[in-house]
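Engineer: Here's the letter readout for the chains.
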Amino acid sequence: MIRWSLYFCIALLIFSCKKDPEIIFGCTDENAVNWTSLANFDDGSCKYDSINNYQTTPYIITTPYGFPDMLIPDDNQMTVEGVELGRQLFNDPRLSKNNSLSCAGCHNQNNSFSSPNQYNVGVDNIMGFRNASALINLGWNTSFNWDGSALTLEEQAFEPVTNPIEMHDTWQNVESKLNNDSNYFIQFKNTFNIEYIDSIHIVKAIAQFERSLISVDSKYDKWRKGEVQLSLSELNGYAIFNTEKGDCFHCHGTEMFMDNLFHNNGLDAGNFLDLGLGNISGNPLDNAKFKTPTVRNVEFTGPYMHDGRFSTLEEVVEHYNSGGNYSTTIDPLMKKVGIGLQLTNNEKNDLVNFLKTLSDNSYINK
Amino acid sequence: MKIINYSSILIIFLSISSCLIEENETITNASLDFSFSHSQICLPDTSTDNKLLLDKLIYSLSPDGSIIPELYSVKNLNYLISNISLTSSDGSNFPLEDIYFVDALNQTSLTLNLGEIPNNIYTHFNFQFGLDNSINLSNNFVNESFHTTMAWPEMMGGGYHYMKLEGAYQNDSTFYNTHTGPSMGVDYSFMVSKEIALNVDGDLGDISFDLNMIIDNWYKNPNDISFANAIMMDMQKQMQFKMNGMTDVFTIELNK
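Each protein sequence line maps, in turn, to chains A and B.
Each residue of the first sequence is one higher than the one before, counting from -3 in our numbering.
Each residue of the second sequence is one higher than the one before, counting from 61 in our numbering.
Any given hint might turn out to be false.
What the hints assert, rightly or not - Covered, in the sense of this in silico footprint (three residues per stretch, anywhere, with C-beta under 8 Å from a C-beta of chain A), are these stretches of chain B:
1. 197 to 210
2. 213 to 221
3. 228 to 236
The set of hints was computed from the structure by calculation and includes no laboratory data.
By construction, the Cβ of each residue, glycine as well, lies at the ideal position given by its N, Cα and C atoms.
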């Protein structure tokens, strides 16, 4: 009797609501070849493709204090193998037309992966027209290049290889060079499980390497953790930076020291040689707006600005201290235009000293 | 024996109640849409509809309350509102959204669908301008879109700006930055509660509210405030903006 009532109850429970989810038997392991999203109860029928059974080790990113979660595309999850492969590709001159110029040729680790030159010459000896960006904490950028022309690191990495003023090769050519290298062949197979090295996977690996370039171990970071002290001058610089006295934080704010936005910071009074974001958006209101670079590691990344016009941090601070040049698209945050910040020489010095606390020596020596 | 009996009773009870819950879902409700608009008074040019004209110097009543109008423009307007809710006639509160970020330059942020609201007679629409100090802490919202745009440095109290209203006044190259927020850690956020008459009874279809910010009114009534910048550490100005904001900056319109 008791047993019957129990059966009855269970039956009641199952049939009580028509809308209760049905149990569908099948293979529920997404890695199996016969996986089906309809199944919700694994019946042990999963079949695995032997080739599909490659092993990668996840590359774990620890989100630094005050940073958002990193933006990692679903179709390019970080692996230890991918990062290592990307590192090799980044340093490999075979990605260029005459095998002479690698990404690292313009993005030098000693300079926080930027270049000490105002402009660089590409493989055809043509001079570029923008200063090579520093590559640092890129996993948190929402667009790339000074004008934001690329939206992902994968998309960005497609461009230098074929750009006539940079590496000026063809992807077809680069692919065939790499496919002839048995070392790469094995690594690409182990990383992405592919039998043919194509541009899509080359840029994926490079992007993984770039996302691993995280720098948050400066004197400033150690100070934040209470491990070291800042000098009086550095502290005063910090205060100028983070109050409306210098008002740097409105654009170079948060622990990332950038805002992922575009501004005209008053470099030119009209007649812009480079329209920046305006070239990409086609909107004249965006003319001469450029992406705010992080000022982390800025001591290593001179010359400064999209066109490398300033060679020292002192010149940069002098620019801001002057208030900048008025033009129709200048940012209203440059609120002292025409007046200037009116910092004393000591205060300018303090500001530079603070900027130098953002230098992470371990990053350039890694 | 006893145990089995109790458990079967429990199972029967569970199966019945699980159905009841589903039944409730079939009641149809009204769907609530929200829009944010911004206006300038545009004196003496009354030909425009007062809607915010971004980056255009327009005349407005002078902040000092005199009748001589002053030119000003808006180049950028961002703000945070929080604790958005409706109060019903029985005094209960129906929360709609915890925090919402408006960027006047970003069209998609100007509309918000708040989904379905239950049948009731609603008498008030409420929100808090800015964030309450209990949550307004540096790096408390690192994964929200407003984190970098609205961050308020720890040097000046930490947390997030309530509003960034920026533009030119007098001429094209004199800028004002009306940046309000938790100056020196003091909470200057404020509640706004607007009377509405909304009777949701069955399926009413879509209801839409428009929350309008009259930008000029930030600078007058009861306090005349002149355009300026560097007010982030000016606690008196922050208090004056709070008082003006509570008075007549916001209006709400209900369209059924």
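Engineer: None of the hints should be skipped; say for each whether it holds.
Structural biologist: Hint by hint, here is what the structure shows:
Using a Cβ-Cβ cut-off of 8 Å, 7 residues of the segment 197 to 210 of chain B lie near chain A, which meets the minimum of three, so the contact claim holds. Counting residues of the segment 213 to 221 of chain B whose CB lies closer than 8 Å to any CB of chain A gives 4, which reaches the minimum of 3, so the coverage claim holds. Proximity of the segment 228 to 236 of chain B to chain A, defined as three or more residues with a beta carbon under 8 Å from a beta carbon of that chain, is established by the 6 residues found.
Going through the hint list in order, the structure satisfies each hint without exception.
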